[in-house]
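When the letters of the sequence shown are read in order and numbered with our numbering, they come out as residues 358 to 536.
These are computed hints drawn from the structure, not numbers from a lab. Check each hint, because a few of them may be wrong.
What the hints assert, rightly or not - Quick list of the computed label-pair ranges, beta carbon to beta carbon: (1) F426 to P475: 56 to 64 Å; (2) M398 to P463: 29 to 37 Å; (3) I522 to L400: 16 to 24 Å; (4) E492 to S526: 18 to 26 Å; (5) F426 to L498: 36 to 44 Å; (6) R525 to I425: 18 to 26 Å; (7) L498 to P475: 55 to 63 Å; (8) G399 to L424: 32 to 40 Å; (9) G454 to K429: 19 to 27 Å; (10) I425 to S464: 42 to 50 Å; (11) T465 to A418: 27 to 35 Å; (12) G399 to S526: 28 to 36 Å.
As the structure is a prediction and not an experimental result, all values here were calculated from the model. Cβ coordinates follow ideal geometry from the N, Cα and C atoms, glycine included.
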Amino acid sequence: MPAMSFMTDLIAKKHPATLPTLLALAAAAMLAGALFFEHGMGLAPCKLCHWQRLPYYLALALFIPPLIFGRKALVPTLAAAMLLFAATASIGGFHTGVEQGWWQGPSTCSGGGISDDPALALEQIMNAQLVRCDEIAWSFLGLSMAAWNMIIALGLTAVAGLGLIAARSTPLTELSDAP
């Protein structure tokens, strides 16, 4: 399996922080893209968009444990990366479903849900989120940003998972701590 031999070589022959650093750079690129769309193109994010960013912010620190603790930190670091990327992929999948009308999103960022009580309805309107989660602000090749986030995050989950398998199957004596 070529992907596994590549991962094994990357894990065994490079510094243990190499793959976590690449994953942290991917997280930084995703955040940079989101911030570009927000500030450069004026596309304000909804609540679910913000939720999708949180795992990426946490993933920015992925390269630190292997730098400090060497190969001993590789397995837990890659496991954490896999969980973080799976989390943002899941949120992206949920957000895509909200955009497509497959299910209802949070009441604070989707249409509907206005109370029959005039006082409560006024309060809901005054506290309403300006950016709705159930509307697609931008798409490319027919896929929204939430869908693209899900796809890319699933790819990063797979890379972290392959790295985790390679790290667990490579004897510690073969792993290098040297830069």
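Against the structure, the hints come out as follows:
1. F426 to P475: 56 to 64 Å: Once the Cβ atoms are compared, 60 Å apart, the range 56 to 64 Å for P475 and F426 holds.
2. M398 to P463: 29 to 37 Å: Once the Cβ atoms are compared, 24 Å apart, the range 29 to 37 Å for P463 and M398 is violated.
3. I522 to L400: 16 to 24 Å: Given a distance of about 37 Å, which is not inside 16 to 24 Å, the answer is violated.
4. E492 to S526: 18 to 26 Å: violated, 46 Å
5. F426 to L498: 36 to 44 Å: Between F426 and L498, where Cβ atoms are some 42 Å apart, the hint holds.
6. R525 to I425: 18 to 26 Å: holds, 20 Å
7. L498 to P475: 55 to 63 Å: violated, 45 Å
8. G399 to L424: 32 to 40 Å: For L424 against G399, whose Cβ atoms are near 38 Å apart, the range 32 to 40 Å holds.
9. G454 to K429: 19 to 27 Å: Cβ of G454 to Cβ of K429: about 40 Å, so the range 19 to 27 Å is violated.
10. I425 to S464: 42 to 50 Å: holds, 43 Å
11. T465 to A418: 27 to 35 Å: Cβ of T465 to Cβ of A418: about 29 Å, so the range 27 to 35 Å holds.
12. G399 to S526: 28 to 36 Å: 47 Å Cβ-Cβ, so the 28 to 36 Å window is violated.
Hints 2, 3, 4, 7, 9 and 12 from the list above are not met by this structure, while the remaining hints are.
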